[in-house]
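Chains A and B, in that order, give the protein sequences.
For the first sequence, our numbering assigns the number 1 to the initial residue and increments by one for each residue that follows.
For the second sequence, our numbering assigns the number 1 to the initial residue and increments by one for each residue that follows.
The set of hints was computed from the structure by calculation and includes no laboratory data.
Just so it is clear, CB atoms sit at the ideal spot from N, CA and C, and this is done for glycine as well.
A few of these clues could be false.
FRET-style restraints, in silico, Cβ to Cβ [to be verified]:
| # | chain 1 | residue 1 | chain 2 | residue 2 | range |
| --- | --- | --- | --- | --- | --- |
| 1 | B | Arg166 | A | Lys88 | 53 to 61 angstroms |
| 2 | A | Leu62 | B | Ile106 | 56 to 64 angstroms |
| 3 | B | Ala34 | A | Thr114 | 38 to 46 angstroms |
| 4 | A | Gly126 | B | Asp204 | 49 to 57 angstroms |
| 5 | A | Phe113 | B | Asp96 | 47 to 55 angstroms |
| 6 | A | Pro260 | B | Glu247 | 54 to 62 angstroms |
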Amino acid sequence: MDWLNAVLQGLLLGGLYALLAAGLSLMFGVMRIVNLAHGVLAVVAAYMGYFLVHNFHINAFLTLIVVIPVMAGIGWVLQMGLFNPSLKSGGLAPILVAFGIAVVITNLLQAFFTADTRSIDAGMLGVQSIQVTDTIYIGVFPLITFVVGVLVIAGLQVYLNRTRDGLAMRAASDDKDAAQLMGIDNRRIYAKATALAIGIVGIAGVFLGIRTQFSPTYGDATLIFAFEAVIIGGLGSLWGTLIGGIVLGVAQTVGAQINPSYGVLFGNLVFLAILAFRPTGLLQKAVNS
Amino acid sequence: MSAPATVGPVKVRRATKSSWIGLAVIVPILIVLALGPYIISRGLQQNLVILFSLIVLGTMWNLLAGYGGMVSIGQQAYIGIGAYGLVYIADSLGIDPFLAVPVAVIIAGLLSLPISFLAFRLSGGYFAIGTWVIAEVVRLITMQIDAVGGGAGLTLTALNVLSPGRRIAYVYWLSLAAVVIAVLVTYLIMRSRLGLGFTAIRDDATAAGSLGVRVTSSKRIVYLVSSMGCALAGSMIAANTLHITPESVYSVQYSAFMIFIVVIGGMGTIEGPIIGAIVFYALQQWLSDYGVWYLVILGVLAIVVVLLAPRGLWGLLSLNGRIKLFPVGYRLVNPLERFAVVKTKEPAA
């Protein structure tokens, strides 16, 4: 029963990883930018949530009303101010700029919030659970996270397939010069994509802060988990990212069931196994350029 | 361009006037540095070992990214393997520490080959994070091995047979030798056919491949050399600090340092990482009272350099590459037209 429980908890954890990974996947899909600052931006959102709950006693979930738009704004500014110029420079510039941003933000957080670990208090909702059988309980909060993760992925899919901006993003992704010729302003469409991606990171960050203890350097692990979910699922597939998140979550909880210190290592090893034996990921897009 | 009426026998030259001047400057500096243990204090020698290890790390990261086009944030895997290799081989196996260093470096090289097959499945930014995951796996596995002290780490005791003065001097010479080896190996690689191939890959990977440049195997060779160089730096760090833990030697901070050194100094040049390491070290000392702010400043500086001065400090100092201390390019010299110096491909970004 312990094992079944571990798998179930891992599955729910996968929802959080999918939520974290969705933005990374989106930015890579549209702009081929691997945002190395992705993890630390999630931690920024967690600190924002913590700050609001701690100082204004707002319900943890209501902080999203503030956090999402602020994070989206940060995404917009980063894209317009730094990523767009770096794309113009070409070569390794986008990766290096993203890395620089990650280091700067991590250390700014360290300077303002110290290295102490913190956690967002979500009240009763953070600790309540539903009893399924005698030995299996499902936490209400992990369940909410999972459902939100699935909804965000589905919503993003609809957005990319149905809306004008979504189609423009896909067009710019397929051929940025042709998209420009068709009247799409790539710089603005990129900024919208990044704002969307970092807005989603805002949700993921607050959920992360409720679920676990975090500190300024927690962004490193967060980036790695999000990246592993993307690669396990297969580049370019949002549903794949969800599957990847679930596989990673289950690998971690099952590993931790064997030995508490094996959790992260197990997740990494599953990732490396996928890389070795199925490098296109579990759900690679059927047609790949 | 009008061809000259008479074309004399065309010569290919590699050395330039600046490279001869460079040699005339570098050799005396090296001689003075080699006399270091007779001139300077032990504390200064230990600080210089830190600087030397930064130069080696920067040079190796530049080989990987500046020439090979591979941004890695996982080279700390090899720093750790070099550090643990030295301590374990010297202390637990009882081999002479100065022999243990090359053995540890070779082990790191042997490990880097199978690892490269995994890492090379990814490219660009995903290669970067992938190498980081691999480094994390190596760290987590190291922590599980009781023979190397698990999470508590190891203390190097094999050097205790030497008096402190001698120990510090030997480590100093070892590190100076490591700098010379790292720079010389990079220089020889970039002067060779392999280096020419990298220039072609940088300009157009597909075209280079179609002309017979073996893109993947060239990258693998550079990955191997860079990993061995990082292991060498790792063993220097272990010999200098004498105590190592998984948290310290596998720290991703080393990758941040390497990136800052190379980006600020000038990517894709041999001189850049050396200048970058000196500037980085000076900033680190100067800003050490400001805690985490020095990394904020370095991060901002790196972003500014990438966007506004992509050739880095050396690019500014060398007047956009006109001055070269290490002649790795080719120049055609037509003896009849002394001023018609045709510049050809140069392995500089």
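| query | Lying within 53 to 61 angstroms: is that true of the beta-carbon distance arginine 166 (chain B) to lysine 88 (chain A)? | reply | About 55 angstroms separates the Cβ atoms of arginine 166 (chain B) and lysine 88 (chain A), which means 53 to 61 angstroms holds.
| Outcome of range test on Cβ distance (proline 260 (chain A), glutamate 247 (chain B); 54 to 62 angstroms) | Given range 54 to 62 angstroms: violated, Cβ gap about 18 angstroms.
| Satisfaction of the hinted span 38 to 46 angstroms by the C-beta atoms belonging to alanine 34 (chain B) and threonine 114 (chain A) | holds, 45 angstroms
| Per the hint of 56 to 64 angstroms, is the separation of the Cβ atoms of leucine 62 (chain A) and isoleucine 106 (chain B) within bounds? | For leucine 62 (chain A) and isoleucine 106 (chain B) the Cβ distance comes to about 59 angstroms; the hint holds.
| Outcome for the supplied range 49 to 57 angstroms, where the beta carbon pair is glycine 126 (chain A) and aspartate 204 (chain B) | holds, 55 angstroms
| query | Do phenylalanine 113 (chain A) and aspartate 96 (chain B) keep their Cβ atoms within the hinted range of 47 to 55 angstroms? | reply | holds, 48 angstroms
Going through the hint list in order, the structure does not satisfy hint 6, though it satisfies all others.
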